[in-house]
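If you're matching them up, the sequences are chains A and B in order.
Each residue of the first sequence is one higher than the one before, counting from 683 in our numbering.
Each residue of the second sequence is one higher than the one before, counting from 30 in our numbering.
The hints are simulated quantities; they were obtained by calculation from the structure and are not laboratory data.
Check the hints yourself; a few may be wrong.
[As the list claims (entries may be wrong)] Estimated spans, in silico, between C-beta atoms of each pair:
| no. | chain 1 | residue 1 | chain 2 | residue 2 | range |
| --- | --- | --- | --- | --- | --- |
| 1 | A | S749 | B | P37 | 43 to 49 Å |
| 2 | A | N703 | B | V41 | 18 to 24 Å |
| 3 | A | F711 | B | S47 | 36 to 42 Å |
| 4 | A | E738 | B | R106 | 40 to 46 Å |
| 5 | A | F711 | B | R140 | 45 to 51 Å |
| 6 | B | E102 | A | Q761 | 35 to 41 Å |
| 7 | B | P68 | A | F711 | 26 to 32 Å |
| 8 | B | P68 | A | S709 | 23 to 29 Å |
| 9 | A | K763 | B | P68 | 18 to 24 Å |
| 10 | B | A31 | A | S709 | 32 to 38 Å |
Where a beta carbon is used, it is the ideal one built from N, C-alpha and C, also for glycine.
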Amino acid sequence: GQSLEQPSEVTAVEGAIVQINCTYQTSGFYGLSWYQQHDGGAPTFLSYNALDGLEETGRFSSFLSRSDSYGYLLLQELQMKDSASYFCAVRVSYGQNFVFGPGTRLSVLP
Amino acid sequence: NAGVTQTPKFQVLKTGQSMTLQCAQDMNHNSMYWYRQDPGMGLRLIYYSASEGTTDKGEVPNGYNVSRLNKREFSLRLESAAPSQTSVYFCASIEVEGELYNEQFFGPGTRLTVL
Numbered sequence: 683g684q685s686l687e688q689p690s691e692v693t694a695v696e697g698a699i700v701q702i703n704c705t706y707q708t709s710g711f712y713g714l715s716w717y718q719q720h721d722g723g724a725p726t727f728l729s730y731n732a733l734d735g736l737e738e739t740g741r742f743s744s745f746l747s748r749s750d751s752y753g754y755l756l757l758q759e760l761q762m763k764d765s766a767s768y769f770c771a772v773r774v775s776y777g778q779n780f781v782f783g784p785g786t787r788l789s790v791l792p
Numbered sequence: 030n031a032g033v034t035q036t037p038k039f040q041v042l043k044t045g046q047s048m049t050l051q052c053a054q055d056m057n058h059n060s061m062y063w064y065r066q067d068p069g070m071g072l073r074l075i076y077y078s079a080s081e082g083t084t085d086k087g088e089v090p091n092g093y094n095v096s097r098l099n100k101r102e103f104s105l106r107l108e109s110a111a112p113s114q115t116s117v118y119f120c121a122s123i124e125v126e127g128e129l130y131n132e133q134f135f136g137p138g139t140r141l142t143v144l
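Turn these sequences into a full structure, and let the hints guide you.
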């Protein structure tokens with residue numbers, strides 16, 4: 683079976699830093715993605731890690747440790763517009779099959 | 030460049046009715062996907078198509094059929110709708126740019142209610 687775990691909710695204040703963790707147990711692993719979804723909207727891509735280490739894109743960074751089956755999304759200088767749900771997703775096959783985590787709802791307070 | 034488009038945006042069906050959800054992408058992507066998202070939940074893969082002419086089952090395929098009509102279009106059919114199929118349906122596409130980059134592009138979603 684496939685299993686991804688994320689915290690259900692995280693709350694932080696504007697300007698702070700927040701880390702959203704994702705642990706996975708899957709039949710295969712080719713990479714870990716992160717997506718953002720605002721209420722009523724479609725998911726939008728944030729990052730993808732195929733190799734161990736940290737990837738940085740502006741205020742967002744993503745980390746992967748394949749030996750620990752673990753990754754995280756780091757959001758810096760939080761803004762109100764960052765309030766959304768964040769999903770990790772594992773590419774489980776070479777044929778581009780993906781499994782999504784249950785999502786973490788981030789609330790940014792003024 | 031519209032990206033991924035889906036029709037309809039909203040639909041209400043009665044139990045037992047059938048319908049087809051349409052999806053098209055104009056990015057020349059090889060792989061396309063259908064997901065469902067229930068309230069407060071993550072996305073669950075229904076079917077995917079790695080390339081034109083091929084389709085494969087995902088995590089929750091029961092009650093659905095798909096057709097990859099051509100490289101642009103991937104449709105999802107509910108033959109006999111059930112209340113358990115009430116959900117938001119997202120279509121997505123991807124073009125693998127090597128093994129180090131994987132971005133799925135999502136359509137706006139179809140909100141389906143089955144009474």
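Practice prompt. With 23 to 29 Å as the target window, see if P68 of chain B and S709 of chain A comply at their CB atoms.
Written response: holds, 27 Å
Discussion item. For the hint 26 to 32 Å, verify it against the beta carbon of P68 of chain B and that of F711 of chain A.
Written reply: holds, 29 Å
Discussion item. Quick check on a hinted range of 45 to 51 Å for F711 of chain A and R140 of chain B, using CB atoms only.
Written reply: violated, 33 Å
Practice prompt. Using the beta carbons of E738 of chain A and R106 of chain B, state whether their distance is inside 40 to 46 Å or not.
Written response: Taking Cβ atoms as reference, E738 of chain A and R106 of chain B lie about 42 Å apart, which means the hint holds.
Discussion item. Taking the Cβ atom of K763 of chain A and the Cβ atom of P68 of chain B, is their distance within the range 18 to 24 Å?
Written reply: holds, 23 Å
Discussion item. If I claimed the Cβ atoms of S749 of chain A and P37 of chain B lie 43 to 49 Å apart, would that claim hold in this structure?
Written reply: The hint (43 to 49 Å, Cβ to Cβ) holds, given that S749 of chain A and P37 of chain B are roughly 46 Å apart.
Discussion item. Taking the Cβ atom of N703 of chain A and the Cβ atom of V41 of chain B, is their distance within the range 18 to 24 Å?
Written reply: Violated, since N703 of chain A and V41 of chain B (Cβ atoms, about 39 Å apart) do not stay within the stated range.
Item to complete: Could you check the hint for me, namely that A31 of chain B and S709 of chain A are 32 to 38 Å apart, CB to CB?
Response: holds, 35 Å
Fill in: Satisfaction of the hinted span 35 to 41 Å by the C-beta atoms belonging to E102 of chain B and Q761 of chain A
holds, 38 Å
Discussion item. Against the range 36 to 42 Å, how does the distance between the Cβ atoms of F711 of chain A and S47 of chain B compare: consistent or not?
Written reply: holds, 38 Å
When held up to the earlier numbered hints, the structure conflicts with 2 and 5 and fits the remainder.
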